[in-house]
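Engineer: All chains, please: the whole structure from these sequences, using the hints.
One line per chain: the protein sequences are A and B, in this order. 1 is the number of the first residue of the first sequence in our numbering; add one for each residue after it. 1 is the number of the first residue of the second sequence in our numbering; add one for each residue after it.
Keep in mind that the hints were calculated from the coordinates and are not lab data. Think of the CB as a built atom: it goes at the ideal place given N, C-alpha and C, for glycine as much as any other residue. One should not assume that every hint holds.
Claimed, not checked - So, partial list: chain B residues that the calculated Cβ filter (under 10 Å) puts toward chain A:
1) Gly18
2) Tyr20
3) Tyr25
4) Phe28
5) Leu31
6) Leu32
7) Ile34
8) Ala37
9) Lys42
10) Ile46
11) Gly49
12) Glu52
13) Ala57
14) Arg60
15) Ala63
16) Ala64
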Amino acid sequence: MYGKGLRPLSIATVVMWAITLSLVFFYAPIEADQGFLQKIFYLHVPLAIIALCGYVIGGIFAVLHLRRDDPRWDAYSYVSIHISVIFTVGGLLTGAIWAKGSWGHWWVWNEPTLVSFLIVFLLYATYYPFRYAIEDRQRQARYASVFAITAGAFVPLNFLAVRASASLVHPRVFATAEGGLPTSMLVTFLCALVSMGLLWATLVKFELSAKSAQGQLKRLRRALDAPVGPPSSRIAPEVH
Amino acid sequence: MFHLLLAADPSVPNDIGGKYVAGAYVVFIVLLLIYVAIMAMKLARIEKGLGEVAEIAEARKEAAPAEPTESEAPAATTHTVTPGPAASGATAQETRP
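Structural biologist: Pasting the structure below:
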């Protein structure tokens, strides 16, 4: 059920990434100020945007879980957050590399954009111990949903607060009056954003399919009275 | 790593910027590969589990007596573990689609 449509989605992701990388390295012009280093922009910014959107989507799925009391929505919420955390790690690492090349420092502590993104990451890093600390599956799912909604609401608020604050060194490309980017760069960036979104969706679907297969296997073992293995409150949530 | 990249694609600018760009894209790919490797291990575990379950099912099918007659049927359901919904009410609940 969860694997339905995974193949066309994977193919679309690969095709879009091929197009995006071609545009990044052969079409988008070299930026006058930063030179070739600016090519990290097409990786770092989509990673960060899709990660933040993924957290909000995880919060929306959590709302649906609490409203409909269907564990499938909890699974969607969990997997969305899980993949977004991985993307956040990617965003932090690529951002640090870009910062080192551009500013000469891996990290700048008095820059609101960087610190707020780190806070979001640390907030969601607590999701796992919070979730696994609860053994009862239904309570675990409910509490995790409340967390996902609260944290999901914090993400756009945090983003708006950072945009309103004064930036020290981090660029605000889309905030300038003319839109900031020339058309060739904008097209390349939008392609990169779509590619990253497709990659996120593919990984979410892939993870859900794997979890579903794991859940089906457990059901089969129980049906056959076969040993199920050690208690599995850590492998959460179970999807059928 | 950067020298390997330069050998593969000489169009990469051989300056400090090229080094960091290569680093960022390599980090992204490594992150994806780590994720794929973890998922591959999980899938291998599932595959192994499926193999075990299939072996159990086949062993039980071989060990089970020949198709019981109608008069023997109630005794067979209480003493043998038959895969599928016919085994018990609880099993029927768990295996519904």
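Engineer: For every hint, state whether the structure bears it out.
Structural biologist: Going down the list of hints, with the structure as the test:
Interface restraint check: Gly18 of chain B against chain A, minimum CB-CB distance 5 Å, threshold 10 Å, status holds. Here the hint on Tyr20 of chain B is kept, as its CB sits about 3 Å from the closest CB of chain A, short of 10 Å. Satisfaction of the interface hint for Tyr25 of chain B is found here, the shortest Cβ-Cβ separation to chain A being roughly 6 Å, below the 10 Å cut-off. Checking Phe28 of chain B against chain A: minimum C-beta separation of about 6 Å stays under 10 Å; hint holds.
Using the Cβ-Cβ criterion of 10 Å, the hint placing Leu31 of chain B at the interface with chain A is satisfied: the shortest such distance is roughly 5 Å. The criterion of a C-beta within 10 Å of any C-beta in chain A is met by Leu32 of chain B, whose closest approach is roughly 8 Å, and the hint holds. Because the closest C-beta pair between Ile34 of chain B and chain A is about 9 Å apart, less than 10 Å, the hint holds. For the restraint placing Ala37 of chain B at the interface with chain A, the shortest Cβ-Cβ distance is roughly 13 Å, beyond the 10 Å limit, so the hint is violated.
Because the smallest distance between the Cβ of Lys42 of chain B and any Cβ of chain A comes to about 6 Å, under 10 Å, the interface hint for this residue holds. Hint status for Ile46 of chain B relative to chain A: holds, with the closest Cβ pair at about 5 Å, below 10 Å. The closest approach between the C-beta of Gly49 of chain B and any C-beta of chain A is roughly 5 Å, which is under the 10 Å cut-off, so the hint is satisfied. For Glu52 of chain B, the interface hint holds, the least distance from its beta-carbon to any beta-carbon of chain A being 7 Å, beneath 10 Å.
Because the smallest distance between the Cβ of Ala57 of chain B and any Cβ of chain A comes to about 6 Å, under 10 Å, the interface hint for this residue holds. Contact between Arg60 of chain B and chain A, as hinted, is supported at the beta carbon level, the nearest pair being about 7 Å apart and thus within 10 Å. Look at Ala63 of chain B: its Cβ only gets to about 13 Å from chain A, farther than 10 Å, so that hint breaks. For Ala64 of chain B, the suggested interface contact is broken, since its CB lies about 13 Å from the closest CB of chain A, more than 10 Å.
Violated hints, listed in ascending order, are 8, 15, 16; each of the other numbered hints is respected by the structure.
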